[in-house]
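A.B. asks: These are the residues of each chain, in order.
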Amino acid sequence: MTLEALGFFVAVVIKAVLFSVALLTGFAYMTYGERRIVARMQWRVGPNKVGPWGLLQPAADGIKLLFKEQLQPKEAKTFLFVLAPMISLVVALSAYAVIPIDKDPVNIFGFNIEPWVANPSIAMLYLLGISSLGVYGIILGGWASNNKYALLGAIRSSAQLISYELALGTALVSPLLMVGSLSLRDVVAQQLDHSYLNGDGGWLILAQPVAFFLYWTAAVAEVNRAPFDLPEAEQELGAGYHTEYSGMKFAMFFMAEYVNMFTVSSVATTVFLGGPGGLPVDETQGLVYRLLAHGPHWFLLKVYFFMFVFIWLRATFPRFRFDQLMRIGWQFLLPLGLINLGVTAVGVAMQWKSYQFTIAVMSMLVTLVSLSLLNRKPQHH
Amino acid sequence: MSQTMITGDIVSRFTQEQLDQNGYTVMNMGPQHPSTHGVLRLVLTLDGERVVDCVPDIGFLHTGIEKTAEVKTYNQALTLTDRMDYLAPLSNNLGYSLAVEKLLGVNIPERVSHIRVMLAELQRISSHMVWLGTSGLDAGAMSMFLYCFQDRERVLDLFENISGVRMMTSFIMPGGLMADLTEGFLDKVKEFLDYFEPHIEMYHGLLTGNSIWLNRTKKVGVLSAEQAKDYLCTGPVARASGVDWDIRRDFPYAAYADYDFKVPVLTEGDSFARYMVRMAELDESVKIVRQCLTKISPSGVYRTDDRKVVAPPKWEIARSMESLIHHFKLFTEGYAPTPGEVFQRVESPRGELAFHITSDGSNRPYRMHVRTPSFPHVQVMPVILQGHLLADVVVVLASVDFVLGDVDR
Amino acid sequence: MDEVIKDLIALGKGLSITFRNMLQKPVTITYPENKRKFPARTRGRHVLHRYEDGRERCVGCLLCQGTCPAGAIYIEPAENTSDNQVSAGERHAKVFDVDLLRCIYCGHCELACPTNAITLENNTAIAGYTRESLLIHKEELLEPKGTSTLGSTQAWDPKPPSTAPKEFDGSETSSAAVGQGNRPSRTKGAGH
Amino acid sequence: MPQLDLQPARALARLLADRFGDKFLGLREDREEITYWVDSSVWADAAGFLKFETDFSVLEDLNAVDYPERNPRFDLAIICLSMKDHSWVRLKTMLAEDQPADTLERVWPGAQWYEREMWDLFGIPFQGNSDLRRLLLPADYQGHPLRKDYPVTGPPQSAYR
Numbered sequence: 376m377t378l379e380a381l382g383f384f385v386a387v388v389i390k391a392v393l394f395s396v397a398l399l400t401g402f403a404y405m406t407y408g409e410r411r412i413v414a415r416m417q418w419r420v421g422p423n424k425v426g427p428w429g430l431l432q433p434a435a436d437g438i439k440l441l442f443k444e445q446l447q448p449k450e451a452k453t454f455l456f457v458l459a460p461m462i463s464l465v466v467a468l469s470a471y472a473v474i475p476i477d478k479d480p481v482n483i484f485g486f487n488i489e490p491w492v493a494n495p496s497i498a499m500l501y502l503l504g505i506s507s508l509g510v511y512g513i514i515l516g517g518w519a520s521n522n523k524y525a526l527l528g529a530i531r532s533s534a535q536l537i538s539y540e541l542a543l544g545t546a547l548v549s550p551l552l553m554v555g556s557l558s559l560r561d562v563v564a565q566q567l568d569h570s571y572l573n574g575d576g577g578w579l580i581l582a583q584p585v586a587f588f589l590y591w592t593a594a595v596a597e598v599n600r601a602p603f604d605l606p607e608a609e610q611e612l613g614a615g616y617h618t619e620y621s622g623m624k625f626a627m628f629f630m631a632e633y634v635n636m637f638t639v640s641s642v643a644t645t646v647f648l649g650g651p652g653g654l655p656v657d658e659t660q661g662l663v664y665r666l667l668a669h670g671p672h673w674f675l676l677k678v679y680f681f682m683f684v685f686i687w688l689r690a691t692f693p694r695f696r697f698d699q700l701m702r703i704g705w706q707f708l709l710p711l712g713l714i715n716l717g718v719t720a721v722g723v724a725m726q727w728k729s730y731q732f733t734i735a736v737m738s739m740l741v742t743l744v745s746l747s748l749l750n751r752k753p754q755h756h
Numbered sequence: 030m031s032q033t034m035i036t037g038d039i040v041s042r043f044t045q046e047q048l049d050q051n052g053y054t055v056m057n058m059g060p061q062h063p064s065t066h067g068v069l070r071l072v073l074t075l076d077g078e079r080v081v082d083c084v085p086d087i088g089f090l091h092t093g094i095e096k097t098a099e100v101k102t103y104n105q106a107l108t109l110t111d112r113m114d115y116l117a118p119l120s121n122n123l124g125y126s127l128a129v130e131k132l133l134g135v136n137i138p139e140r141v142s143h144i145r146v147m148l149a150e151l152q153r154i155s156s157h158m159v160w161l162g163t164s165g166l167d168a169g170a171m172s173m174f175l176y177c178f179q180d181r182e183r184v185l186d187l188f189e190n191i192s193g194v195r196m197m198t199s200f201i202m203p204g205g206l207m208a209d210l211t212e213g214f215l216d217k218v219k220e221f222l223d224y225f226e227p228h229i230e231m232y233h234g235l236l237t238g239n240s241i242w243l244n245r246t247k248k249v250g251v252l253s254a255e256q257a258k259d260y261l262c263t264g265p266v267a268r269a270s271g272v273d274w275d276i277r278r279d280f281p282y283a284a285y286a287d288y289d290f291k292v293p294v295l296t297e298g299d300s301f302a303r304y305m306v307r308m309a310e311l312d313e314s315v316k317i318v319r320q321c322l323t324k325i326s327p328s329g330v331y332r333t334d335d336r337k338v339v340a341p342p343k344w345e346i347a348r349s350m351e352s353l354i355h356h357f358k359l360f361t362e363g364y365a366p367t368p369g370e371v372f373q374r375v376e377s378p379r380g381e382l383a384f385h386i387t388s389d390g391s392n393r394p395y396r397m398h399v400r401t402p403s404f405p406h407v408q409v410m411p412v413i414l415q416g417h418l419l420a421d422v423v424v425v426l427a428s429v430d431f432v433l434g435d436v437d438r
Numbered sequence: 002m003d004e005v006i007k008d009l010i011a012l013g014k015g016l017s018i019t020f021r022n023m024l025q026k027p028v029t030i031t032y033p034e035n036k037r038k039f040p041a042r043t044r045g046r047h048v049l050h051r052y053e054d055g056r057e058r059c060v061g062c063l064l065c066q067g068t069c070p071a072g073a074i075y076i077e078p079a080e081n082t083s084d085n086q087v088s089a090g091e092r093h094a095k096v097f098d099v100d101l102l103r104c105i106y107c108g109h110c111e112l113a114c115p116t117n118a119i120t121l122e123n124n125t126a127i128a129g130y131t132r133e134s135l136l137i138h139k140e141e142l143l144e145p146k147g148t149s150t151l152g153s154t155q156a157w158d159p160k161p162p163s164t165a166p167k168e169f170d171g172s173e174t175s176s177a178a179v180g181q182g183n184r185p186s187r188t189k190g191a192g193h
Numbered sequence: 002m003p004q005l006d007l008q009p010a011r012a013l014a015r016l017l018a019d020r021f022g023d024k025f026l027g028l029r030e031d032r033e034e035i036t037y038w039v040d041s042s043v044w045a046d047a048a049g050f051l052k053f054e055t056d057f058s059v060l061e062d063l064n065a066v067d068y069p070e071r072n073p074r075f076d077l078a079i080i081c082l083s084m085k086d087h088s089w090v091r092l093k094t095m096l097a098e099d100q101p102a103d104t105l106e107r108v109w110p111g112a113q114w115y116e117r118e119m120w121d122l123f124g125i126p127f128q129g130n131s132d133l134r135r136l137l138l139p140a141d142y143q144g145h146p147l148r149k150d151y152p153v154t155g156p157p158q159s160a161y162r
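Chains as they are written, first to last, in the working numbering: chain E, 376 to 756; chain V, 30 to 438; chain S, 2 to 193; chain A, 2 to 162.
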């Protein structure tokens with residue numbers, strides 16, 4: 376092995392560890408943030424006792440979960456029961472490997488550091504593939520618990536994830552078609568290096584609002600968050616697939632859920648909101664300009680915005696019922712996604728400018744609305 | 030019922046062979062379950078997630094109130110009634126007090142009746158707030174729960190202000206009230222109404238127009254008017270099914286005859302209709318309490334002056350021999366109505382609450398039977414739930430709004 | 002599709018409500034740093050009161066024990082002697098136990114007490130590790146020597162006509178009935 | 002309060018007397034409440050008569066009272082409501098110990114649980130009830146606690162004493 380290859384390898388390992396640590400810390404503070412924000416939305420204060428403003432609450436929770444008794448039902452399948460939360464967490468963490476948190480490699484102390492763990496040219500495929508693996512953890516956990524509530528949660532989850540995977544994929548294909556690459560780095564570069572008005576760049580949410588809406592809806596369902604949190608609907612199923620889990624095993628499921636939230640938010644940021652892009656200034660003017668133009672802070676800001684939306688949705692909406700969830704996925708999101716994809720494909724073939732895509736997509740929406748207005752039929756159950 | 034085991038544990042209406050053949054699962058929902066609103070146990074037979082059959086099992090909260098009342102004096106038994114429907118203790122107090130008063134033949138001053146109406150309506154608001162919050166929560170709308178409980182807290186603050194406790198007030202007693210209103214109480218009630226009324230709008234904004242909520246509740250848990258009557262359903266559950274029946278209007282008690290209010294009736298009979306009926310009742314309750322405020326003087330007579338039923342004021346026993354004797358007689362023996370029986374119904378937030386008290390001429394009720402509104406509502410669950418999904422079960426349970434203390438007594 | 006638009010508007014309305022509520026001040030109180038004020042009538046733990054001269058108000062008449070729906074009160078009355086005048090009357094409560102685990106805080110005891118000796122006060126922080134610790138005795142119930150309060154009595158009772166005596170001293174009624182013994186009545190024509 | 006008009010009650014009593022002859026035992030008015038007494042042999046028929054041939058078609062309550070010294074021992078009562086003219090009546094019968102009463106389940110399906118409750122707490126068997134099990138108490142419970150001879154604190158050997 377050459378020295379260069381070894382260096383690369385070490386760098387990747389270090390970055391992977393750093394990303395994991397950052398994600399897990401982020402998860403911990405996300406739970407804190409969620410509790411505080413939801414509390415404020417409900418006229419409460421939230422955790423404020425442990426440490427200043429309750430900031431050490433996640434640590435306290437972590438310690439509690441670590442030392443909590445690990446309970447396991449007598450009839451549970453031990454191996455799978457233990458394996459399931461691990462699958463969930465590992466899969467959730469590995470999805471993050473391909474997400475670029477800045478545009479270009481940064482030069483620090485002479486080392487050229489790439490702000491991503493890996494940059495395969497099929498990053499998007501990798502993401503979709505790996506995120507659909509997450510369902511294994513849930514299914515195995517629910518089944519191995521030998522609990523009917525957990526099993527129902529697992530079944531709901533698998534059906535939901537598989538259905539929404541399609542909508543999610545279709546929604547992502549349209550912007551990728553415009554970019555013409557599956558590499559997330561290219562997606563970011565495309566959005567940052569060109570301008571929207573000139574025709575072939577700009578944040579893709581402008582050119583693909585419908586795709587963004589579809590992606591976001593499917594993503595909320597994909598990570599089992601309200602109002603699509605059927606697999607763990609505590610009012611119906613106790614806690615769904617992790618009913619029987621306690622202590623650190625439960626915490627792993629919990630982490631996986633939040634890391635998945637980070638992942639889908641990051642993908643939304645990367646694909647639709649220009650990733651680490653910030654203000655349209657000339658980055659060559661100096662460090663300040665560079666920071667204004669792009670950087671991990673912009674990326675985090677956007678991700679946290681999406682996380683806030685997750686929390687906001689959870690605080691507001693009732694939960695869907697299973698058949699309704701399926702109907703939305705198959706009868707609404709997927710057809711709309713396909714139509715959008717068709718429109719986009721035509722546009723790409725005809726080499727439309729970005730704003731032309733916007734116009735086309737919006738007019739497609741208007742057509743659909745007016746068609747349905749003309750063709751209104753009584754809503755059946 | 031083919032399978033009743035020796036221990037009496039209900040498994041399902043189906044035999045094991047039938048279950049295996051059809052691929053049904055039996056699932057125990059409760060008694061420890063977040064959405065059974067207490068300790069109700071539903072034995073659900075499921076086909077996938079679809080409910081094929083449901084056998085309710087009650088009695089986990091059976092406290093023998095009817096038996097206990099037989100060894101308490103009439104005044105002591107009042108405190109038991111608080112604990113039946115613990116979300117509407119004042120309505121229970123009112124029903125019991127009216128029954129005992131009817132048994133005794135006592136006349137109640139008008140002001141007392143108006144205060145009773147006001148308290149009962151405030152109680153209705155607080156009880157409906159629990160219902161709204163929990164049914165929102167059961168459907169997954171978690172903020173609803175806290176908003177509603179906050180509003181309920183405000184009502185409980187009012188109760189605490191006049192009675193010293195928030196829930197088990199025992200404030201309405203046979204013969205009148207426990208004490209007079211506190212200073213400024215009516216202003217506080219007005220303040221509460223002004224605070225509360227915009228919140229009804231907020232709840233409508235959060236749920237009524239929300240398509241997720243509509244989808245979850247419309248055409249879910251349909252109960253026809255005939256079924257409602259056959260299964261003794263009353264109150265909002267029956268009114269949502271098109272049974273135009275409200276004790277407050279049709280057998281006016283206390284001072285309800287003097288009040289102007291509408292009885293909301295819908296005909297759909299589904300969970301959404303039950304929701305809308307209760308939301309409309311909130312409006313009506315606010316209206317009634319507003320009318321009360323114009324009719325009640327801030328202080329004045331708060332119980333009957335019949336010394337055989339209520340004790341004389343404390344200052345009087347220091348002056349009057351007769352008062353002292355009455356005081357002692359009342360707190361040792363109580364009062365003894367002549368033999369006979371009465372049936373007194375009131376409209377509790379959950380429906381018709383009726384006290385059926387039999388007296389044998391002693392100072393204790395010979396038999397106190399309570400016809401509680403929640404009891405038949407649990408009985409009707411298998412009828413409503415047939416063919417629904419598991420997720421609908423919790424919504425229907427919440428929309429019917431029973432209290433297990435009320436069911437089991 | 003038009004329904005979808007309508008739905009989205011309704012959903013947006015819900016979101017705006019929760020967002021607006023987020024900007025409001027929380028309504029909760031951070032306990033134990035801040036405590037809410039109890040109303041005067043709060044029915045919490047029982048207190049036995051004294052007269053200003055230090056004698057106990059309770060005359061051991063057993064009314065509260067008799068009227069208690071939960072059977073939470075146990076009293077053993079004893080005679081007052083001339084060298085040990087514990088209460089104002091002829092008898093006093095030698096033993097006065099309240100079982101806080103049985104008590105339902107209904108307030109019937111304070112309604113029943115002819116001398117306003119027992120009241121429910123706003124001490125609601127009642128907890129203990131053993132059953133015994135929650136069976137409280139006379140020493141814990143009595144207000145300390147030297148203090149003389151009326152407790153929540155005034156919050157409950159209607160105001161007496163101005164001619165009424167301020168507190169029960171046995172002077173205007175049949176003293177035998179409340180255990181006042183044969184002390185001479187100061188005014189003629191007690192009763193009506 | 003206006004005096005109760007007894008005319009409609011007497012009319013209904015005549016109807017009941019025509020239908021059930023000497024099985025209809027009479028009419029009693031107390032505290033403005035009307036009670037019709039029938040013999041236990043026509044219990045379900047009288048209830049059915051009230052539901053299907055009069056306006057008193059809604060069952061409100063089913064209640065029993067135990068008089069241990071008396072024979073027959075139990076009073077069984079239903080309250081029937083007329084939603085049309087806002088009035089109600091009480092129909093009562095007497096039952097000896099262990100004497101079954103006819104079920105009202107066929108008249109009002111909702112009577113089932115009320116009868117189960119009475120079976121559970123009083124030990125009154127209801128003939129024809131489709132599911133006569135204990136309702137509130139555990140299935141292996143001994144005795145019927147609302148009977149007057151059942152001690153309030155539970156039987157002497159009871160663990161709950």
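Honestly, the hints are just simulated from the structure, not real lab data.
Heads up, the beta-carbon is just placed ideally off N, CA and C, and yes, glycines get one too.
Some hints could be false.
[What the hints assert, rightly or not] In silico DMTMM-like cross-links for lysine to aspartate or glutamate, where the CA-CA straight-line distance does not exceed 25 Å: (1) A:LYS85 to V:GLU313; (2) S:LYS38 to V:GLU182; (3) V:LYS324 to V:ASP82.
[What the hints assert, rightly or not] Covered stretches of chain A, going by a simulated chain V footprint (3 or more residues, C-beta under 8 Å): (4) 14-27; (5) 82-91; (6) 129-138.
[What the hints assert, rightly or not] Label pairs and their calculated CB-CB ranges: (7) A:ASP6 to V:ASP223: 42 to 52 Å; (8) V:GLN415 to E:VAL396: 26 to 36 Å; (9) S:LYS7 to V:ASP223: 54 to 64 Å.
A.B. asks: Are any of the numbered hints broken by this structure? If so, which, sorted upward?
C.D. replies: 3, 4, 8 and 9
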